[in-house]
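Peer 1: For the protein sequence lines, the chains are A and B, in the order given.
So the first sequence is numbered by this note's numbering: it starts at 1 and just counts up by one.
So the second sequence is numbered by this note's numbering: it starts at 1 and just counts up by one.
In short, the hints are calculated from the structure, not lab data.
Quick caveat: nothing in here was measured; it's all calculated off a predicted structure.
Certain hints may be false.
[What the hints assert, rightly or not] Computed cross-link-like contacts, DMTMM-like style, restricted to lysine to aspartate or glutamate with a CA-CA straight-line distance of at most 20 Å:
| hint | chain 1 | residue 1 | chain 2 | residue 2 |
| --- | --- | --- | --- | --- |
| 1 | A | Lys-202 | B | Asp-168 |
| 2 | A | Lys-200 | B | Glu-107 |
| 3 | A | Lys-200 | B | Asp-41 |
| 4 | A | Lys-30 | B | Asp-168 |
| 5 | B | Lys-118 | A | Asp-185 |
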Amino acid sequence: VVVIDPDRGFTHVLGERFEAQGWLCTAVAKPVSPPALVRLRPSALIVDASALGPCHESYLDEVCARLPMLAVTVCTGPSSVAERVSALRLGVDAWVSKPCHPDELIAVVDATLLGNRPDGLAVVDAPAVRAELTIRAELHQAFVGGKSLELTSREFEILQLLAHADRVLRREEVYERVWGYAMADGDRSVDVFVRRLRQKLKAASPGWTYIDTHFGVGYRFAPAARVAERPRVAAGHSQVVHTSARSL
Amino acid sequence: MGLSQLLAPPGREYFALFEEAGANVLRAAELLDQMLASYPDQGELAAEILDCEHNGDRITHHLIQHLNNTFVTPIDREDIHRLAGALDNIVDYIEEVADYLGLYRVEAPMAQAQQMAKILRESCAEIAAALPLLRGFQDLRRHTIEINRLENEGDRLTREAIAALFNDGIDPMVVIRWKDLYERLEDAIDSTEDVANIMEGIVIKNR
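Whole structure, please, built from the sequences with the hints as guidance.
Peer 2: Here it is as structure tokens:
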């Protein structure tokens with residue numbers, strides 16, 4: 001658990017109580033940069049908005065986007081309804097107003113952790129069907145016509161990540177989320193794994209393309225029938241034409 | 001071996017062996033370039049690079065054996081020994097890079113390593129083109145100048161590549177693997193400059 005709070009007395013008590021429960025707690029008075037937070041690989045983040053300053057919304061937005069599995073709780077002083085709603089819409093899991101009892105905060109964090117657990121998600125996530133592809137998170141595998149694609153763990157994580165994002169994901173974002181570290185300049189890991197993923201997708205579902213390359217940016221999951229003569233139509237979406245995109 | 005063979009100028013044999021070594025160096029560099037460009041899809045090229053390393057050892061062994069068996073050499077014995085060793089070093093470093101990609105379980109290449117392999121291949125092509133010029137101690141400066149330029153480019157690339165590994169938040173395992181591989185690639189490129197310097201020295205002494 002990472003706690004960002006300038007109140008040292010509060011973080012001391014909180015830290016002791018978390019550690020009594022077997023959690024490793026890191027308390028800091030100043031904001032930890034999102035890349036450094038990725039490196040710490042925490043399960044939960046408790047943050048006092050006053051420690052973040054006026055840019056707290058953009059900070060929370062970036063943290064929630066980079067670490068979707070992180071349980072984020074804002075524990076801060078008086079706030080407006082608009083502030084709380086806005087933060088919760090950004091992806092913050094809970095908002096606790098100070099003054100509060102450490103046990104109350106720990107109980108809220110416990111509840112958010114339970115909600116963010118992968119097995120919790122598996123119950124919520126029904127198999128995602130895109131074109132001929134069925135992505136089954138609970139089996140960590142994808143299928144075409146009931147036949148497994150035999151994806152490796154990394155290949156599946158990349159597929160799931162791309163399939164859940166309704167936008168182009170930068171290579172750096174994919175690497176950070178799947179590998180859990182910042183991507184080194186020049187690292188071709190994402191390209192190599194996407195290439196293998198495409199090979200398996202093409203072998204299992206030759207009539208479709210699934211992943212578009214956006215040169216110099218990254219990848220986008222956009223299932224389309226493999227018909228060279230006609231403009232490609234994304235499954236379940238309106239016609240999509242990527243002038244800068246290439247598909248396999 | 002007869003007396004006439006011992007005393008006869010045995011230059012052709014040495015030059016032929018150097019040219020063979022040059023072709024072998026170029027072959028190894030081309031294979032590494034191809035391996036890194038397509039990595040990890042053509043991992044089997046590591047075995048072919050290992051064959052080049054064995055071939056290089058065989059050529060060096062022949063050169064040394066020849067040196068031990070003859071009194072008269074077309075160039076300084078020391079230069080023959082140094083040139084054979086420097087050519088062998090290039091292939092050794094290339095083979096180490098290919099082998100360590102597997103040993104370190106590298107999943108994917110780095111763009112900088114691909115660029116360095118390209119520079120190494122170009123430099124080895126210059127060596128292979130320059131070695132036949134040793135026969136008549138002809139001017140090979142255009143090749144050595146190009147090798148020096150490529151070596152400078154390789155130095156710059158290596159430094160930038162290593163510096164990039166120390167950006168915030170990078171997996172320490174990635175740093176360990178690639179710092180080592182970049183340094184071996186740099187050693188290989190540096191060895192091409194050693195070869196260029198030795199060849200230049202031989203021409204200057206014998207013209």
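Peer 1: Please go over all the hints and tell whether each is borne out by the structure.
Peer 2: Each hint tested on the structure:
1. Lys-202(A) to Asp-168(B): violated (37 Å)
2. Lys-200(A) to Glu-107(B): Since the Cα atoms of Lys-200(A) and Glu-107(B) sit roughly 17 Å apart, the hinted pair holds (cutoff 20 Å).
3. Lys-200(A) to Asp-41(B): Measuring from Cα to Cα gives roughly 14 Å; hence the hint holds.
4. Lys-30(A) to Asp-168(B): Given that 20 Å is the threshold and the Cα spacing comes to 18 Å, the pair holds.
5. Lys-118(B) to Asp-185(A): The given pair, whose Cα atoms are some 18 Å apart, holds under the 20 Å limit.
Going down the numbered hints, you'll see the structure goes against just number 1.
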